[in-house]
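S.K.: Counting from 7, one number per residue, gives the positions in the sequence shown under our numbering.
No lab work stands behind these hints, which were simulated from the structure alone. Glycine residues also receive a C-beta, built at the ideal position from the N, C-alpha and C atoms. A few of these clues could be false.
[What the hints assert, rightly or not] Straight-line Cα separation of at most 30 angstroms, DSSO-like style, residue types lysine-lysine; simulated pairs: (1) 126 to 79; (2) 117 to 130; (3) 180 to 126; (4) 212 to 180; (5) 211 to 180.
[What the hints assert, rightly or not] The following label-pair restraints were derived from C-beta to C-beta distances: (6) 73 to 145: 18 to 24 angstroms; (7) 139 to 172: 48 to 54 angstroms; (8) 124 to 73: 36 to 42 angstroms; (9) 130 to 203: 55 to 61 angstroms.
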Amino acid sequence: MRAEVRLRALLLTGLVLPVVSLPVEAASADAGIMPQSTPVSASAPVALSAVFDESLVNSPRVASIRSQLGIAKAARQQALVLPNPSFFFLQDTAQLARQIGASIPIEPPWKLVFRLLVAKNQIKQADLEIARNLWQFRGLVRRAYLDVVMSNETTETFAELRSLAYEIKTVAQKRFDASDVAALDVYRADLAAMQADADYKQSAKKVLQTKQRLSVILGRGYTQVIEVLRLPQFQLRAATNCSGVTS
Numbered sequence: 007m008r009a010e011v012r013l014r015a016l017l018l019t020g021l022v023l024p025v026v027s028l029p030v031e032a033a034s035a036d037a038g039i040m041p042q043s044t045p046v047s048a049s050a051p052v053a054l055s056a057v058f059d060e061s062l063v064n065s066p067r068v069a070s071i072r073s074q075l076g077i078a079k080a081a082r083q084q085a086l087v088l089p090n091p092s093f094f095f096l097q098d099t100a101q102l103a104r105q106i107g108a109s110i111p112i113e114p115p116w117k118l119v120f121r122l123l124v125a126k127n128q129i130k131q132a133d134l135e136i137a138r139n140l141w142q143f144r145g146l147v148r149r150a151y152l153d154v155v156m157s158n159e160t161t162e163t164f165a166e167l168r169s170l171a172y173e174i175k176t177v178a179q180k181r182f183d184a185s186d187v188a189a190l191d192v193y194r195a196d197l198a199a200m201q202a203d204a205d206y207k208q209s210a211k212k213v214l215q216t217k218q219r220l221s222v223i224l225g226r227g228y229t230q231v232i233e234v235l236r237l238p239q240f241q242l243r244a245a246t247n248c249s250g251v252t253s
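Given these sequences and hints, build the entire structure.
M.R.: Below, the structure is given as structure tokens:
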């Protein structure tokens with residue numbers, strides 16, 4: 007008795023999570039159970055495959071897509087329903103006659119077979135619609151993930167350009183102090199630094215927006231920012247080939 011009371015207290019405080027069964031993804035997976043994925047950490051970078059798993063489990067959009075299968079299966083039970091018997095009461099005031107009775111409608115067996123065939127085709131159609139919607143949702147998640155990756159790389163590039171612009175501004179100011187260049191060069195360097203700073207801030211806001219959009223698609227709150235993997239770094243190399251050069 008004490009153990010049961012303690013378990014209920016833990017469930018109320020949220021320390022123990024109840025096990026909730028998830029609906030299947032499509033009609034072809036009726037016998038299987040959809041694999042559960044571990045929630046992605048908000049601090050560590052996540053791969054695209056982990057984002058796919060979390061979105062298929064936690065996204066409300068996917069849950070609404072999978073619910074179409076249960077709605078379609080309800081048509082099979084509805085097809086098995088037979089017409090209900092009815093009770094009637096008739097009164098003829100002219101002839102002072104009354105009729106009381108009941109009617110039991112009888113359907114031919116092929117009508118039940120036809121209804122079952124229609125319900126079966128509806129379930130197949132719902133299965134195909136679920137597969138199509140899940141494939142479109144997969145493309146939506148991929149595009150949102152790539153938007154975050156590209157926004158991160160663009161912001162990193164703007165950060166490097168801003169750093170370079172401020173270095174050029176510092177060098178121009180030192181050369182101006184040494185009377186090596188005109189004041190116009192300092193003004194140009196200052197303008198380029200301000201433009202680079204504005205581009206960096208605008209790109210940083212875009213990164214935040216793309217991360218919030220990806221978090222909402224995954225079923226998280228927009229404040230739970232997700233980190234994605236970075237693109238592999240590459241380095242350009244220039245080589246000179248002096249062989250075969252003739253005077």
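S.K.: Does each hint fit the structure? Answer for all of them.
M.R.: Against the structure, the hints:
no.: 1; hint: 126 to 79; result: 8 angstroms, holds
no.: 2; hint: 117 to 130; result: 20 angstroms, holds
no.: 3; hint: 180 to 126; result: 81 angstroms, violated
no.: 4; hint: 212 to 180; result: 35 angstroms, violated
no.: 5; hint: 211 to 180; result: 33 angstroms, violated
no.: 6; hint: 73 to 145: 18 to 24 angstroms; result: 21 angstroms, holds
no.: 7; hint: 139 to 172: 48 to 54 angstroms; result: 49 angstroms, holds
no.: 8; hint: 124 to 73: 36 to 42 angstroms; result: 21 angstroms, violated
no.: 9; hint: 130 to 203: 55 to 61 angstroms; result: 58 angstroms, holds
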